Structures are given as C-alpha cells and as structure tokens.
Amino acid sequence: MPNTTPDDLFANTPTSSGDYNASSIEVLEGLEPVRRRPGMYIGGTDDRAFHHLAAEVLDNAMDEAVAGHASRIEMRLEEGGRLSVADNGRGIPVDEHPKFPGKSTLEVIMSTLHSGGKFSGKAYATSGGLHGVGVSVVNALSVHTRVEVAREKQLFAQEFSRGITQGALENLGPTPNRRGTTVSFVPDPEIFGDRKFNPKRLFKLARSKAYLFAGVEIRWKCAPSLVTDDVPAEATFKFPGGLADHLAEQVGTRECVTAQPFNGKQDFAAIAGEDQGRVEWAIAWPLYSDGATSWYCNTVPTPDGGTHEQGLRTALTRGLRAFGELVGAKKAKDITADDVMTGAEVMLSVFIRDPQFQSQTKDRLTSPEAARLVENAVRDHFDHFLTDNMERGKALLGEVMERMDERLKRKQEREIKRKTATNAKKLRLPGKLTDCSGEGGRETELFIVEGDSAGGSAKQARDRKSQAILPIRGKILNVASATADKIRANSEIADLALALGCGTRKDCDAGNLRYDRIIIMTDADVDGAHIATLLMTFFFQEMPDLVRKGHLFLAQPPLYRLTAGKESRYARDDTHRAELEATVFKGKKVEVSRFKGLGEMNPQQLRETTMAPETRGLIRITLPQEFEQRAGVARLVDELMGRNPEHRFNFIQNRAGEIDRDLIDA
25 MPNTTPDDLF ANTPTSSGDY NASSIEVLEG LEPVRRRPGM YIGGTDDRAF HHLAAEVLDN
85 AMDEAVAGHA SRIEMRLEEG GRLSVADNGR GIPVDEHPKF PGKSTLEVIM STLHSGGKFS
145 GKAYATSGGL HGVGVSVVNA LSVHTRVEVA REKQLFAQEF SRGITQGALE NLGPTPNRRG
205 TTVSFVPDPE IFGDRKFNPK RLFKLARSKA YLFAGVEIRW KCAPSLVTDD VPAEATFKFP
265 GGLADHLAEQ VGTRECVTAQ PFNGKQDFAA IAGEDQGRVE WAIAWPLYSD GATSWYCNTV
325 PTPDGGTHEQ GLRTALTRGL RAFGELVGAK KAKDITADDV MTGAEVMLSV FIRDPQFQSQ
385 TKDRLTSPEA ARLVENAVRD HFDHFLTDNM ERGKALLGEV MERMDERLKR KQEREIKRKT
445 ATNAKKLRLP GKLTDCSGEG GRETELFIVE GDSAGGSAKQ ARDRKSQAIL PIRGKILNVA
505 SATADKIRAN SEIADLALAL GCGTRKDCDA GNLRYDRIII MTDADVDGAH IATLLMTFFF
565 QEMPDLVRKG HLFLAQPPLY RLTAGKESRY ARDDTHRAEL EATVFKGKKV EVSRFKGLGE
625 MNPQQLRETT MAPETRGLIR ITLPQEFEQR AGVARLVDEL MGRNPEHRFN FIQNRAGEID
685 RDLIDA
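With my numbering, the residue at position 300 of the sequence shown is 324, and numbering never jumps.
Simulated from the structure, these hints should not be mistaken for lab results.
Note that the structure is predicted; figures quoted are calculated from it, not measured.
Hints should not be assumed to be uniformly reliable.
To be verified - Straight line, CA to CA, 16 Å or less: simulated EDC-like cross-link-like pairs of lysine to aspartate or glutamate:
| no. | residue 1 | residue 2 |
| --- | --- | --- |
| 1 | K224 | E214 |
| 2 | K354 | E273 |
| 3 | K224 | D71 |
| 4 | K357 | E258 |
| 5 | K435 | D540 |
| 6 | K289 | D269 |
| 7 | K228 | E194 |
| 8 | K510 | E566 |
| 9 | K289 | D387 |
| 10 | K228 | E273 |
| 11 | K489 | D407 |
| 12 | K573 | D387 |
| 13 | K530 | D569 |
| 14 | K354 | D253 |
| 15 | K220 | D459 |
| 16 | K610 | D569 |
| 17 | K620 | D598 |
| 18 | K573 | D328 |
| 19 | K355 | D254 |
| 20 | K224 | D253 |
| 21 | K220 | E103 |
| 22 | K499 | E516 |
| 23 | K127 | D71 |
| 24 | K435 | D358 |
| 25 | K456 | D429 |
Stated by the list, open to error - Per label pair, the in silico range of CB-to-CB distance:
| no. | residue 1 | residue 2 | range |
| --- | --- | --- | --- |
| 26 | A259 | L457 | 23 to 31 Å |
| 27 | N413 | T260 | 34 to 42 Å |
| 28 | E56 | A259 | 19 to 27 Å |
| 29 | K262 | A602 | 19 to 27 Å |
| 30 | A283 | T260 | 25 to 33 Å |
| 31 | K433 | D314 | 17 to 25 Å |
| 32 | L196 | A636 | 39 to 47 Å |
| 33 | L311 | G352 | 19 to 27 Å |
| 34 | L457 | A636 | 16 to 24 Å |
| 35 | A259 | A636 | 42 to 50 Å |
| 36 | D598 | N626 | 55 to 63 Å |
| 37 | A257 | R434 | 45 to 53 Å |
| 38 | A257 | P213 | 24 to 32 Å |
C-beta: ideal position from N, C-alpha, C; glycine also.
I would like the entire structure built from these sequences, with the hints used as guidance.
Encoded structure:
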C-alpha cells in the first residue's frame with residue numbers, strides 16, 4: 025500500500041499530453057517533501073503516525089542514554105498539545121557546520137533531511153535513528169518547534185515553524201549546572217487536524233522505554249488538566265531489572281508453566297568476537313490465558329518483529345527439540361516455533377550496529393546478522409534453563425508438545441478435507457464468491473461488498489488475478505448479541521467463514537487464511553458505516569487472530585465527485601468536500617456529484633478511488649499495541665454492540681459532549 029496523505033487518496037486530475045512539459049516537473053526543497061507526503065516518513069497522518077512524532081524525539085534522547093552520555097530523560101506534556109523531551113546528554117553541536125557556512129550544526133540537523141550523527145557509527149555505536157530524518161521530520165510537521173542546548177556551560181536556543189528557521193541561533197548565556205538537549209514542539213493542525221496527544225499513550229511510552237535500558241531514569245510530567253486515574257501529574261521510571269521487571273508486571277498473578285520465567289541478557293562480543301551490541305529477553309508461558317509479543321531494536325518498537333524475532337524462535341525451537349531428545353521424547357523433533365511461541369509472553373530487545381528496517385517507521389527489523397547473533401546468544405542460556413531443573417524443562421516440553429499434537433491433528437483434518445475436495449474436483453466455496461486466480465505471486469485480497477449492484481461494479485473494477493469479491497445482503501447478524509446457535513445457522517456468516525477458510529473462535533488460525541487482505545468495502549454513508557461496524561464486530565469476536573495479525577482493512581470510497589472544467593477531485597465526506605471547495609476549487613463554479621452507493625460508481629471510478637493499490641487508501645483495523653488492552657476493547661464492543669441497550673444509551677449520553685457541532689450541522 026502506498027504511503028499517501030488523505031488528500032492524495034482522492035486526487036484525480038487528468039491532464040493532456042500537451043500540458044506535460046518542463047514546467048510540470050516540481051523540485052521539492054528542504055523539508056517540503058515531508059509536508060507534501062508525510063506518509064512516506066511517518067506512515068500517514070492518523071493517530072499512530074501522530075504519536076510517532078513523540079517516539080522520534082524520545083528515541084534520540086534514548087540513543088544518547090544508551091551511548092552512555094545521558095542518565096536522565098524528562099518527557100513533559102503541556103496544555104495546548106506541546107510536548108517537550110529533555111536529556112542530560114552531550115547536547116547537539118552548535119558550532120558552524122563545515123558544509124553549510126553560516127549555519128549552526130543544530131540548524132542543519134533540524135532543517136535538513138538525512139543529516140545526523142548516526143551514519144558512521146562514530147558518535148553512536150547503536151542507535152534507533154539511522155537515516156537522519158527523524159527530528160527534522162518532526163520539525164517539518166510541527167507548527168512550532170523550540171530547541172535548547174546546554175553545552176560547554178552555555179545555553180543556546182533556536183526556533184522553527186513548519187520546518188522553517190525563525191531566527192538565528194541565540195546564546196542565552198551561562199548555564200553551569202545544566203547539560204543536554206531539550207526539544208519542544210506542537211504538531212501542525214494543517215497536517216493532523218484537531219488530533220491531540222493521548223496522555224495515557226505517552227505515559228506508557230515513557231515507561232516502556234525505561235524498561236528497555238536499565239541505566240536510564242525517565243521522568244514524566246503533564247499539565248494538571250490532563251491528569252486522570254491512569255495518568256499522574258508526575259512519575260519517575262527506573263527499572264534495574266530491565267525486561268525482567270516488565271515481564272513480572274505483565275504476568276502479574278497469572279499461573280505459568282514454569283515457576284521462573286526465562287530471563288537473561290548477553291553481549292554479542294562474547295560470541296562474535298567483537299563488540300556488535302547485546303540482547304536481552306524475558307519469556308513466560310501462562311497456563312490459562314493468552315500472552316503477547318514485544319520486539320525492540322535499539323529501544324525502538326518493531327511490532328512486526330523481524331530477524332531478531334527469527335533468531336529467538338530458532339533458539340527456543342532447537343533448544344526444546346534437543347531437550348526432548350535428551351529425555352527420550354522422540355516426537356519432540358516435530359516441534360515448530362509456533363508451538364513454542366503461541367500463548368507465550370515474550371519480550372526481546374536487541375542493540376546492534378547499523379540496523380536495517382523495512383521502512384522509516386521501523387515496524388520490522390531486516391538486518392540478516394541479527395538472526396544469527398540472537399540465536400547464538402539465547403540458545404546456550406535456554407539449554408541451561410531447561411537442564412538445570414529437569415522438572416521445569418519437562419513441564420515446558422510437555423506443554424509445548426500438547427500444542428504440537430493439537431496442530432498436527434488440525435493439519436491432518438485439513439488434509440482429509442483437501443483430499444475430499446480434490447477427489448470431487450471442486451473446492452467447496454460460496455456460490456456468491458467471485459474468486460481470484462492468485463497468479464503471478466501477487467498478494468491476494470477479498471473485498472466484502474454490500475449488495476449485488478456494488479458487487480457487479482466491483483467485479484468489473486477488480487484485478488482478476490489478485491482481487492476476489494464476496495457480496496453480502498445488507499446488514500449481517502450482530503454476533504455480539506446473538507447466541508452461538510444463531511451465529512452457526514446464519515447463511516451470510518457461513519459463506520464468509522467458508523470463503524476465508526481459517527476457522528472461527530478458538531479454531532481461528534490466520535495461517536489458513538486464503539487471502540492476504542480482507543477489505544470491508546461499504547458505501548460512504550451511515551448505513552455503510554453500520555454494516556462495516558457489524559463486520560468488524562464479527563471479525564473481532566469470531567476471527568480475532570486475523571485482526572491481531574493485521575489482515576483486516578476498511579476501504580475508503582468517496583462520497584462526492586467535484587468537477588470544475590477539466591479538473592476533478594473526489595471527497596470522502598462533507599468536511600473534505602468543504603475543504604476542497606475552499607482550496608482547490610476556490611472561486612470556481614463546481615459541479616458536485618453525490619454517489620448514493622458503490623453501485624452507482626462506474627467500474628473505472630471504483631477502481632481508481634477505492635480498489636487499485638496504486639491510488640486507493642486503506643485503513644488497517646488492529647487491536648491496541650498494548651496486549652493487555654484487548655480486554656478493554658472487548659468491554660467496549662460489548663457496550664456498543666451487546667445485548668444490553670442501556671450500555672449503549674449510557675455511552676452515547678456520556679460522550680455526546682465530545683461530538684463536533686460542525687459535523688452535526690453538516
């Protein structure tokens with residue numbers, strides 16, 4: 025999926041070849057590319073991307089701490105949405121940069137992409153920032169940024185707005201008892217709208233960073249008006265036990281397979297012969313509840329895992345297989361990594377030189393050497409963990425082999441079904457499903473659409489090789505308020521489960537999903553939103569593994585088409601329409617077409633705006649990053665979609681004041 029801004033998703037401005045000349049080619053300078061395409065740098069303009077700004081600044085302070093130059097970091101959230109992060113490290117250099125005469129190094133770092141001290145590895149052995157774009161991107165996307173540097177007993181300051189320097193570097197005079205860098209910023213409403221920092225989310229971010237590096241103290245402060253039961257005005261985090269302390273908090277009083285968790289840390293120098301970083305891990309296997317996985321590289325969360333995860337999985341799998349052979353459990357040779365990891369509480373943090381990530385948002389580590397280093401570091405410790413207490417090792421082996429037996433049983437059942445289908449020379453699929461061929465190595469997608477009319481347009485608009493279409497009739501059953509028998513008897517739900525092929529509830533296994541993405545594509549109106557809500561409720565309750573692993577998406581069809589002369593744009597809603605009329609079409613006579621539904625759009629329009637990966641926008645439906653919040657999500661779903669109407673009434677009554685009056689008037 026391309027990284028684009030919301031406006032780009034609906035842009036459709038045809039030009040004739042005669043208009044395409046040298047003047048058509050734009051050259052973006054300075055930080056202008058960031059403001060034009062924030063999605064390329066922070067993954068979008070949604071809430072996750074918005075809070076990524078805070079993570080970028082905090083990561084810089086953490087890099088200074090991990091390098092041994094800072095021992096204290098303070099994060100302060102003020103009224104009005106200003107966030108400040110201060111450290112007591114070396115301070116950003118303020119002398120004139122040799123390649124930019126007349127500019128301080130501070131100004132170069134804040135206003136120039138790909139500038140920083142983390143390319144050569146001389147200033148930082150390991151760091152979360154790599155490309156020199158982090159803090160400059162924050163600066164570009166902030167309406168106001170102020171940087172203060174206490175260096176060599178002098179205090180310096182410089183201010184910026186939307187990436188543009190607002191004045192020369194100021195020397196504010198002596199500051200004998202202060203050192204380090206303070207960055208304070210207010211995200212730009214032109215980019216993010218009316219979004220505000222979530223105090224609880226920032227509070228958890230600060231705490232999690234302290235767990236990742238035992239040598240740092242992180243102080244949290246926020247304005248009194250932002251204090252809640254979950255967020256205090258002040259707090260100090262310092263965890264000498266590192267991830268072990270974090271795991272103990274996560275597990276709480278839950279009973280686990282082994283009384284002692286598998287904790288440890290190891291410098292890579294001892295196994296690789298040179299200083300290449302280190303690894304720390306903490307793992308427990310709860311008995312009667314699900315666990316969670318948390319992966320980090322150089323204190324940066326990598327929610328999609330990566331090569332460090334691969335190294336850990338390999339070490340645990342090979343370790344248990346070897347232990348099984350030692351105690352005479354011959355079937356242990358069939359243990360897989362999923363058998364070991366499923367249901368476990370896993371935390372892994374690596375520090376390596378020059379890490380490689382899948383994108384600027386660093387969701388996945390791709391450094392190939394990380395797998396080898398982590399496997400070699402963890403394996404020896406795990407072997408000792410199993411053999412030092414044979415009863416403990418046998419208990420864990422027994423639990424994992426039970427999961428293995430369940431997996432092999434399911435596999436056998438699937439093979440029997442597959443053979444039956446093969447013998448019948450036909451795979452049993454819903455008659456309404458228009459399947460894709462799945463050829464050419466493309467990622468496959470299933471679009472769930474409402475009604476035969478929309479289904480007909482979607483079938484013509486799709487890529488036949490990679491996109492399948494499943495029409496449904498109106499509003500499906502609300503599974504949150506239905507009995508299990510009623511759910512099983514519902515034909516629409518049965519067809520959907522059959523098309524996806526991954527099972528439901530406890531038997532739901534994303535590994536059996538027939539498509540890479542499931543995309544809910546409903547009309548851009550209230551009824552469409554209701555249908556999408558019912559479908560999301562279905563997936564959350566009946567197929568949670570698909571949601572957890574990021575397979576579920578919402579399409580973003582337009583509600584309006586605006587045309588003036590040869591120029592056309594699509595608008596998502598009334599607010600977006602008003603914005604386009606006030607900017608792109610200001611002073612022009614605009615012809616407005618309203619789409620009553622997807623079925624009214626011709627296939628070409630539907631393909632360009634909603635289905636083609638090159639031009640569409642998708643919203644990924646996920647659970648909160650903090651695994652323990654899933655119970656909170658379940659409660660919210662029950663309140664809004666469950667059987668008790670009083671819960672919905674109370675929710676609406678309590679939240680009515682939060683609704684934007686402009687939206688109601690519109």
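Hint check:
Proposed proximity of K224 and E214 is contradicted: the alpha carbons are some 24 Å apart, above 16 Å. Restraint check for K354 and E273: the C-alpha separation of about 36 Å exceeds 16 Å, so the hint is violated. Only pairs whose Cα atoms come within 16 Å are accepted, and K224 paired with D71 is accepted, the gap being roughly 13 Å. At most 16 Å may separate the alpha-carbon atoms for a hinted pair to count; K357 and E258 exceed this at roughly 52 Å.
The straight-line distance between the Cα atoms of K435 and D540 is roughly 20 Å, outside the 16 Å bound, and the hint therefore fails. The suggested pairing of K289 with D269 holds, with an alpha-carbon distance near 13 Å, which does not exceed 16 Å. As the CA atoms of K228 and E194 are separated by approximately 34 Å, the hinted pair breaks the 16 Å bound. Using a Cα cut-off of 16 Å, the hinted pair K510 and E566 holds, with the two alpha carbons roughly 13 Å apart.
Simply put, K289 and D387 have alpha-carbon atoms about 23 Å apart, too far for the 16 Å limit, and the pair is violated. Restraint check for K228 and E273: satisfied, since their Cα atoms lie roughly 13 Å apart, inside the 16 Å limit. Proximity of K489 to D407 is assessed by CA-CA distance (about 47 Å); at most 16 Å being required, the pair is judged violated. About 13 Å separates the Cα atoms of K573 and D387, which keeps this hinted pair within 16 Å; it holds.
Under the criterion of a C-alpha separation no larger than 16 Å, the hint pairing K530 with D569 is consistent with the structure, at around 9 Å. With a C-alpha separation of about 53 Å, the suggested pairing of K354 with D253 is violated against the 16 Å cut-off. Restraint check for K220 and D459: the C-alpha separation of about 42 Å exceeds 16 Å, so the hint is violated. For the given pair, K610 sits about 47 Å from D569 by alpha-carbon distance, which is inconsistent with the 16 Å threshold.
Proposed proximity of K620 and D598 is supported: the alpha carbons are some 14 Å apart, at most 16 Å. Between K573 and D328, the direct Cα distance comes to roughly 9 Å. Compliance with the 16 Å bound is thereby established for this hinted pair. The suggested pairing of K355 with D254 is violated, with an alpha-carbon distance near 48 Å, which exceeds 16 Å. Note on K224 and D253: the hinted pairing holds, with a Cα-Cα distance of about 10 Å set against a maximum of 16 Å.
Distance restraint check for K220 and E103: the Cα-Cα separation of roughly 10 Å lies within the 16 Å cut-off, and the hinted pair is therefore satisfied. For the hint pairing K499 with E516, the CA-to-CA distance comes to about 10 Å; that is within 16 Å, so the pair holds. The hinted pair formed by K127 and D71 fails the criterion: a straight-line CA distance of about 34 Å is larger than 16 Å. Simply put, K435 and D358 have alpha-carbon atoms about 13 Å apart, close enough for the 16 Å limit, and the pair holds.
Between K456 and D429 the alpha-carbon distance is near 36 Å, which puts this suggested pair outside the 16 Å criterion. At roughly 53 Å, the beta carbons of A259 and L457 sit outside the given window of 23 to 31 Å. Separated by about 36 Å at the C-beta atoms, N413 and T260 satisfy the suggested range of 34 to 42 Å. Between E56 and A259 the C-beta distance comes to about 39 Å, which lies outside the given range of 19 to 27 Å.
Distance hint check for K262 and A602: the Cβ-Cβ separation is about 50 Å, which falls outside the suggested range of 19 to 27 Å. The hint said 25 to 33 Å for the Cβ distance between A283 and T260, and at roughly 31 Å that hint holds. Between K433 and D314 the C-beta distance comes to about 20 Å, which sits within the given range of 17 to 25 Å. In this structure, L196 and A636 break the distance hint of 39 to 47 Å, their C-beta atoms being roughly 54 Å apart.
For L311 and G352, the Cβ-Cβ distance of about 25 Å falls inside the hinted range of 19 to 27 Å, so the restraint holds. As the Cβ distance of L457 to A636 is approximately 21 Å, the hint placing it in 16 to 24 Å holds. With their beta carbons about 48 Å apart, A259 and A636 fall inside the hinted range of 42 to 50 Å. Distance hint check for D598 and N626: the Cβ-Cβ separation is about 23 Å, which falls outside the suggested range of 55 to 63 Å.
In this structure the hint that A257 and R434 lie 45 to 53 Å apart at CB holds, the actual value being about 51 Å. Look at A257 against P213: about 26 Å separates their beta carbons, and that is inside 24 to 32 Å.
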